[in-house]
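With chain A's structure known, arrange chain B on it following the hints.
First to last, the sequence lines map onto chains A and B.
Following our numbering, the residues of the first sequence are numbered contiguously, the last one being 319.
Following our numbering, the residues of the second sequence are numbered contiguously, the last one being 610.
In short, the hints are calculated from the structure, not lab data.
Here the structure is a predicted model, which means the values were calculated and not measured.
All C-beta atoms in this analysis are idealised placements derived from N, C-alpha and C, irrespective of residue type, glycine included.
Please note: incorrect hints may appear among the correct ones.
Stated by the list, open to error - Over the 10 Å line for every Cβ pair with chain A, so calculated as not near, a few chain B residues:
1. Tyr224
2. Glu227
3. Asn296
4. Ile313
5. His314
6. Arg334
7. Ala340
8. Val426
9. Met471
10. Ala505
11. Lys560
As the list claims (entries may be wrong) - In the PhoX-like style, the derived pairs of lysine-lysine whose C-alpha atoms are separated by at most 25 Å in a straight line are:
12. B/Lys527 with B/Lys235
13. A/Lys56 with B/Lys254
14. B/Lys253 with A/Lys56
15. A/Lys153 with B/Lys253
16. A/Lys103 with B/Lys588
17. B/Lys508 with B/Lys295
18. B/Lys428 with B/Lys588
19. A/Lys254 with B/Lys253
20. B/Lys522 with B/Lys295
21. A/Lys153 with B/Lys588
22. B/Lys450 with A/Lys153
23. B/Lys593 with B/Lys428
To be verified - Examples of chain A residues lying across from chain B (beta carbon under 8 Å, computed):
24. Asn175
25. Glu180
26. Phe283
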Amino acid sequence: MARERAAAARAQPWPRWLGSLRQAVGWRRLSLHTRLCWAGFLFVLPALLHLIAFKFYPMLEAFRLSFYQYDLMSPPVFHGLENYRSVWNNPLFHQSFWVSAKYMFGVSIPEWFLALALALLLNRRMPGRSLIRLAYFFPIAMSQIVVALVWKFMYNPLGVVNTLLSYVGVGRINWLATEETALPALILIGIWRGIPLFGVIYLAGLQAIPKEYHEAATVDGAGGWQSFVHVTIPLLMPTILFVMVMSLLSAMKVFLNPLVMTEGGPNGTTRVLPYFIYDTAFAYHRMGEAAAASMVLFAFAFALTLIQLRLLRRGGLE
Amino acid sequence: MKRFLSVCLACSVAAVLLGQPADAQQTSITWWEHSNPPHNNYSKELVADWNKKNPTRPVEYEFFAMTPYFKKLSAALSTRSAADMFTVIDTLLPSFTTKDVLAPIRPEWLGYKNLEDMKKAYLPGALEGYIHEGKLYAVPMIASVFSLYLNRKHFREAGLDPDKDYPRTWEDIGRVGQKLVKMQGSTMVREGFDFAMHSSAWTMWYMEALTRQYGGSILDRAGRKCTANGEAGVKAMQVRSMYVHKYKISDPTVSQATNALPADDLPKGRVSMFITHAGSVAQFGPKVMEDMKVVPLPQVDPKKPISVVYGFALAVNPQVPEAKQKMVHDLIRHVVRNPKEWYEKTSYPYPSANFLELPGMDEARKTRYLDVFVGDIKTGTYVTRSPYFIEISDAMHRAMERVVLKHEDPKASLDQACKEIDAALAKP
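For reference, chain A alone in the conformation it holds in the complex (with noise of 0.2 Å):
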């Protein structure tokens, strides 16, 4: 019974009702590198048709709704370029755009060193390394909502930073509710969760490096430096630039922790571009305004990465 079974899926291997597709289609006409092609297609179809609605639908709404006039509430009325000119014309926008481009570079700078330094360390043979690495990555698994609370807990006034700083002498700061500490104290905790999830892509990086590469140049006379330098960063050169690309993209996105820690204060000095849009859009409900605001962040976004995409190609790395 069971031979018979199997010799029948070898004879037909997929259902009755793909079977009269197939016919229909005419798929036995197709040559073998047209049946390929299409069966690569049917397999990336449903993430395909995933980005279709989840990401592609809603940008190019959003793109539509800039146009318009829409307070959520009462429909869209046709607004041309109004709400590009009201956006522009906003000094709060301009503000939030250095906020955001402040935070954006303040996070990721640090990132890039500090995690190729951490990466460096864990990639060292030492006890207990495994374990390290996990301890490193710990930040990664914590939910952003629980990191956005501890951290405002341990800024607050009596809380932990300002103890520790007591110590040395310094007195109590209000982190989040003063202008000149709130932005470093969102910077800071985005430079603290960012590093290991760069320092794991730099550590994998490293590892793939072969290690003859490094022989050879300790033969030649190279000193851990030389070695690093003419050897390490080079062959280490697409993770860099990915790493840069990432971070600069991840950091330009925060929204959670100015939402969570400082509602866009004091005085809108942490009010980065995404809650501005949030603000527009729901609070102030300028829907057509709140998607041009996003337009512009698109299309900050898409230049920066097309600037690291044209590094990247004069760098032969693509």
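Just chain B now, with coordinates in the frame of chain A:
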């Protein structure tokens, strides 16, 4: 094939016919509210009671943190996914009513002859904050004000009599506060007095009260131009910042208050005087309240008291069918049926006309400062009515932060706020 189709059709018709009475028997009502622990606990009790009495019309109750709640509500109303009944704050009424996203309340479904008849059952002016173009859009369940809470223990420690020496004016607060403030070297460890800094809505309530007491307003009569940078507004902002800069009895680095518990510094003893709402009595609990005293909101001129009231009210989703809207009205009647119980559980005065005369209220008048709250309600009116309220309050909040935290000139800071507000008001 024909037989198969006939069977399918027969099954569908049967399902529809059998399904209809089942739906009619079980129609749930959804109710959303903002978060406020004593209030939410009482609402849950009311829901449990309703569900017991109305098993075929059960209520599904949910509550959310206040600021995200109102954003969620706006988005839900736009996508037709809002609850059947929801709580609204009076300040947001204009932005909802101008967009027709609330169903008018039918006084006759609540047991009144008409709106005029309903008004008689409430404190004078209590319904005004919820009326737009002659129609009522929400039924108030909370009327609240901001009054001054003080820590009696701290007063006695400082050699002050809380019953006699409590502040009547804003300048009094500065003078009394200087006796209450506690320093350790150059670090303030206890504030004499503090204004809440956590939210733009609170900033707006404080600033409205102060500006009105100085004879000004945030917007002009038509609501189309910012007037907060006038003489009254500047004086109000000077008061708002003088406890930090002039009297040095307030320090923003001492406060640990959060959005959920804005008055938390007071029961924790980190501040001696604080202005908060009536609901704080229930939030603090009877043990903490033994050490507290509540007095009327300080004034510029105590002979002409002026305060600001605010409230929460129950609104009906216009997107639900009329039969269900009637059901929601029944639920509203159930929720607001017992003002005395409402007050006992939440500490928020209920704005009914006979509220103070209800049996058993004498005790509350003495021990829970009900007289103080109702007194402040009587001298109060609702805050600025504008569909742009959130933008206005955000601009005022930023102005306050610039003055208090950066020591910026009040006039310059308010000029900037007015520029931002006028830009918002000019938008369609």
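Tested hints:
1. At the 10 Å boundary, the C-beta of B/Tyr224 stays outside the reach of chain A, the nearest C-beta of that chain being 27 Å off.
2. With a cut of 10 Å on Cβ distances, B/Glu227 stays outside the contact zone with chain A, its closest approach being about 30 Å.
3. Taking the minimum C-beta to C-beta distance to chain A, about 28 Å, the non-interface status of B/Asn296 holds against the 10 Å cut.
4. Annotated as non-interface, B/Ile313 keeps its C-beta farther than 10 Å from every C-beta of chain A; the closest such distance is 20 Å.
5. Against chain A, the non-interface label of B/His314 holds: every CB pair exceeds 10 Å, the least being about 14 Å.
6. With a closest Cβ-Cβ approach of about 24 Å to chain A, B/Arg334 is found to remain outside the 10 Å limit, as its non-interface label requires.
7. Its beta-carbon lying about 23 Å from the closest one in chain A, B/Ala340 satisfies the requirement of being farther than 10 Å from that chain.
8. Once the 10 Å rule is applied to beta carbons, B/Val426 is consistent with being away from chain A; the minimum gap is 12 Å.
9. For B/Met471, the condition that its CB be more than 10 Å from all CB atoms of chain A holds, with the nearest at approximately 24 Å.
10. At the 10 Å boundary, the C-beta of B/Ala505 stays outside the reach of chain A, the nearest C-beta of that chain being 24 Å off.
11. The claim that B/Lys560 lies off the interface holds: its Cβ sits roughly 32 Å from the closest Cβ of chain A, which is beyond the 10 Å cut-off.
12. For the hint linking B/Lys527 to B/Lys235, the alpha-carbon distance of about 21 Å falls within 25 Å, and the restraint holds.
13. For the given pair, A/Lys56 sits about 22 Å from B/Lys254 by alpha-carbon distance, which is consistent with the 25 Å threshold.
14. Straight-line distance between C-alpha atoms of B/Lys253 and A/Lys56 comes to about 23 Å, which keeps the hinted pair within the 25 Å bound.
15. Between A/Lys153 and B/Lys253, the direct Cα distance comes to roughly 23 Å. Compliance with the 25 Å bound is thereby established for this hinted pair.
16. A C-alpha spacing of about 21 Å is found between A/Lys103 and B/Lys588, which places the hinted pair at or below 25 Å, so the restraint holds.
17. Restraint check for B/Lys508 and B/Lys295: the C-alpha separation of about 16 Å stays at or below 25 Å, so the hint holds.
18. For the proposed pair B/Lys428 and B/Lys588, the alpha carbon gap of about 14 Å is at most 25 Å, so the pair holds.
19. Simply put, A/Lys254 and B/Lys253 have alpha-carbon atoms about 20 Å apart, close enough for the 25 Å limit, and the pair holds.
20. A threshold of 25 Å between alpha carbons decides the hint, and for B/Lys522 with B/Lys295 the separation of about 24 Å falls inside it, so the pair holds.
21. A hinted pair counts as satisfied when its Cα atoms are at most 25 Å apart, and A/Lys153 with B/Lys588 qualifies at roughly 22 Å.
22. For the hint pairing B/Lys450 with A/Lys153, the CA-to-CA distance comes to about 19 Å; that is within 25 Å, so the pair holds.
23. Straight-line distance between C-alpha atoms of B/Lys593 and B/Lys428 comes to about 17 Å, which keeps the hinted pair within the 25 Å bound.
24. Residue-level restraint check for A/Asn175 holds (minimum Cβ-Cβ distance to chain B is 4 Å; threshold 8 Å).
25. The interface hint given for A/Glu180 is met, as the beta carbon of that residue sits about 6 Å from the closest beta carbon of chain B, less than 8 Å.
26. The interface hint given for A/Phe283 is met, as the beta carbon of that residue sits about 4 Å from the closest beta carbon of chain B, less than 8 Å.
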